[in-house]
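Could you build all of it, start to finish, from the sequences and the hints given here?
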Amino acid sequence: MDPERAGRRAECDGGGLVMGSHYAARQEFTGTLTGEYYDEGDPPWRWYKMIDLTRKPNAYPFVSVWCEADSLFLIDED
Amino acid sequence: MSQDPLHTKLCDQLGVEFPIVSFTHCKDVAVAVINSGGFAVLGEAMHTPDEIEADIKWIRERVDGKPFGIDLVLPASAPAETSLDEISAKIPDSHREFEQMIMKKYDVPMPKESVDLHQWGGLSQALGRAQLEVLLEERVPVIASGLGSPAFLLDAAHERGSLVWGLVGRTRQAKRQLEAGVDAIIAQGFDAAGHTGDMGTLSIVAEVASIAGDTPIIAAGGITTGRHLAAALCLGASGVWTGTLWLACRESDIDMIIKERLVASTAADTVWSDSISGFTMRVLKCPWTEEWKNPEAPRPLASPYQMILSSDYIQGANDARRGDLMTEASGQGVGFVTEMLPARQIVSDMVEEALGVFDDLVGLPD
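Protein sequence lines, in the order shown, are assigned to chains E and X. Just so we're aligned: the first sequence equals residues 1 to 78 in the numbering used here. Just so we're aligned: the second sequence equals residues 79 to 444 in the numbering used here.
These are calculated hints, taken from the structure and not from any lab test. Here a beta-carbon is modelled for each residue, glycine too, at the ideal position from N, C-alpha and C. Just so you know, not all the hints are guaranteed correct.
[Stated by the list, open to error] Anything over 12 Å on all C-beta distances counts as not near chain X; from chain E, calculated:
| no. | residue |
| --- | --- |
| 1 | 1 |
| 2 | 2 |
| 3 | 4 |
| 4 | 5 |
| 5 | 7 |
| 6 | 9 |
| 7 | 26 |
| 8 | 27 |
| 9 | 35 |
| 10 | 52 |
| 11 | 58 |
[Unchecked claim] Derived pair list, reagent style DSS-like, types lysine-lysine, alpha-carbon separation capped at 27 Å:
| no. | chain 1 | residue 1 | chain 2 | residue 2 |
| --- | --- | --- | --- | --- |
| 12 | E | 49 | X | 135 |
| 13 | E | 49 | X | 253 |
| 14 | X | 371 | X | 337 |
| 15 | X | 105 | X | 87 |
| 16 | X | 190 | X | 168 |
| 17 | X | 337 | X | 183 |
[As the list claims (entries may be wrong)] Stretch-level coverage of chain E by chain X, calculated; a stretch enters the list once three of its residues show a Cβ under 8 Å from a Cβ in chain X:
| no. | stretch |
| --- | --- |
| 18 | 10-18 |
| 19 | 43-51 |
| 20 | 62-71 |
Okay, here's the thing in structure tokens:
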């Protein structure tokens with residue numbers, strides 16, 4: 001847990017590989033960070049969990065999204 | 079003007095003659111551009127670590143020590159993992175029926191084999207990580223991230239002598255990456271092929287260049303001529319990132335039917351559509367994209383639902399080589415891709431035209 005980020009509103013300039021293709025594609029989210037995070041591998045690649053999504057792609061099927069740390073922008077910071 | 083206007087800080091960073099970067103999924107194109115004085119970045123997002131390692135070796139054997147780059151799509155967000163069956167079960171009947179209507183109306187053949195939709199969600203992080211390990215191990219001269227921020231890998235890359243580039247669609251992404259210390263920013267505008275941000279190339283290149291300091295900016299999106307190159311340098315870029323330009327070149331391995339469509343197309347033949355993947359991306363118009371624009375059509379679903387819906391159409395059209403159905407990612411500069419030329423000539427034509435522009439504007443020394 002990262003208590004400093006818990007409850008913070010943020011935007012995520014997200015996206016990834018389009019499934020079944022070699023194309024990259026962006027997806028934007030706005031929501032609240034839970035403070036939960038995990039690090040993938042070494043050097044650590046940090047991911048934060050975002051819930052209460054007020055902006056998400058049309059028909060996005062989930063209630064949460066994991067966002068890469070450097071693709072997150074805290075709303076009250078910008 | 080006392081200097082060669084095409085000799086930029088990007089040329090110095092890479093040790094190349096011209097500030098032209100080819101982004102390609104074809105190794106032959108990459109090698110041809112590198113050996114013509116430009117620079118090439120090979121897109122390897124869909125390849126396994128073993129395939130990437132083999133491709134790096136293949137390129138190294140053919141470029142005589144000249145630098146090259148490898149592009150990965152590092153994800154920037156990831157939903158919870160779930161199975162394809164679970165996802166497929168949630169696609170509304172109305173969308174299934176619309177898909178079937180298109181398949182029937184255009185007599186689209188079914189794919190020869192079931193479409194292999196690669197896994198997604200958390201697995202994309204693990205895959206990205208494994209691909210990255212190969213690039214670090216191989217000390218690839220340039221590691222490019224085609225989407226997510228590469229900030230986390232900067233130290234590891236620099237320790238191995240690799241440069242790291244990040245592709246951005248927004249100025250705030252560039253600012254974040256510049257603060258982290260990336261070695262170049264690719265500022266990609268709305269004119270580009272595939273998925274783009276919503277800022278035009280003119281706007282994003284100028285904005286990012288204004289905050290970049292000494293870090294080279296590479297302009298991307300709709301760039302297919304020497305005039306585009308000259309304009310990009312005037313905007314503050316140090317080079318151009320070009321993709322569509324190489325799709326129809328002689329060395330390119332894409333289907334000849336698509337090459338013929340590309341050389342016959344103009345910007346108006348491209349469409350920014352979310353009907354294929356659920357992500358908006360610029361592609362050549364085809365019946366699938368046009369049908370989803372009809373007012374009666376259902377609203378395209380999010381990724382990955384829409385990709386599952388479109389996959390039979392896309393693969394069926396490709397398998398049958400139906401030029402009337404096929405599509406390909408294409409930028410708005412496609413109107414200037416009018417011949418299937420060798421890569422070397424494309425580089426040469428672009429350089430000559432850009433120099434001509436500068437000569438007309440300010441005069442070049444003899």
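Broken hints, by number
Hints 7, 8, 11 and 12 contradicted; others consistent.
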